[in-house]
Amino acid sequence: MADIDKIMSAVQFPGVNSAWIGLKCGISPKWQWSLADRDFYGENEAEFRNWPEGHPKVGTDCATMTAGGQWHDLSCKETFTFICYDEKSSTEPYLLVKDEKTWRDAQRYCREKHTDLASVRNQRENDQIAAVERPGGGPVWIGLFRDAWEWSDGSSSSFRHWDLTEPNNALHACAEIWPSGLWNDEGCYKLRNFICYEGEVKRTEIVRVKLQVASHVDVDDPDVQAAFLQQIGQRLRSKGLPANAKLTWRKQSDGKVFHKEKNGKKKKRDEL
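Per full-length UniProt numbering: the sequence shown = residues 1 to 272.
Quick caveat, the hints were computed from the structure, so don't treat them as lab data.
Just to be clear, a hint being listed does not mean it is correct.
[As the list claims (entries may be wrong)] Below, in silico cross-link-like pairs of lysine-lysine (DSSO-like), each with a Cα-Cα straight-line distance of 30 Å or less: (1) 6 <-> 88; (2) 88 <-> 101; (3) 239 <-> 88; (4) 101 <-> 6; (5) 113 <-> 77; (6) 57 <-> 24; (7) 239 <-> 30.
Could you build all of it, start to finish, from the sequences and the hints given here?
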């Protein structure tokens with residue numbers, strides 16, 4: 001949503017009904033997460049799946065999670081309760097919304113009220129979401145969806161901001177943005193104004209860290225991890241790290257950040 005806000009604040013639409021953006025419809029649909037921030041996912045975490053045998057099927061493009069933690073793909077137009085993710089909460093990041101909505105309406109609600117529909121990065125998070133109490137034990141929407149749309153610059157962003165009934169024409173393979181900020185699919189042959197951008201240079205640096213802590217400290221506690229990260233950030237910034245640099249812990253497939261060394265020390269195997 002931050003990119004949409006930047007576009008709407010920088011671009012004026014005087015007498016213009018729409019403008020092209022760099023989204024086009026490709027050939028092969030693929031599964032991806034509604035929460036598009038790539039920094040949110042560690043190595044291979046965006047590819048975690050928990051389909052049972054027989055799923056996913058053809059023609060059903062949104063994912064639910066059963067009370068047992070398995071995923072089923074269903075029509076995005078069906079209505080279910082859903083799980084939102086809230087990045088501001090370290091203790092209860094997954095929230096059940098008991099109102100039944102279509103997948104698109106659920107996505108819109110989660111983005112407006114919290115962060116997004118829930119992503120599932122590993123088995124630990126899958127178990128955590130499955131354990132959220134739900135009325136009747138029925139399926140809930142999660143943030144996984146399938147489509148064939150892709151960005152012209154080759155980026156892997158899965159962010160979508162379609163109007164409620166869009167895209168709705170299989171012959172329209174290009175996307176335009178309206179003055180409202182919502183998107184519409186349109187025929188690529190039509191003449192439109194268009195929006196360009198200059199990409200920012202982004203550098204990712206991976207640092208391995210060893211920590212020695214008292215035996216009573218629970219290093220799996222999200223609040224403890226946040227405190228460690230804050231202290232590390234302060235130290236690095238005092239030595240010249242830019243103030244806008246983003247620091248995050250990266251998790252392995254087991255969902256953990258820290259692991260013990262054989263000599264009893266804590267070793268961080270995932271990267272910062």
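Starting from the hint list further up, note which numbers the structure goes against and sort them upward.
7
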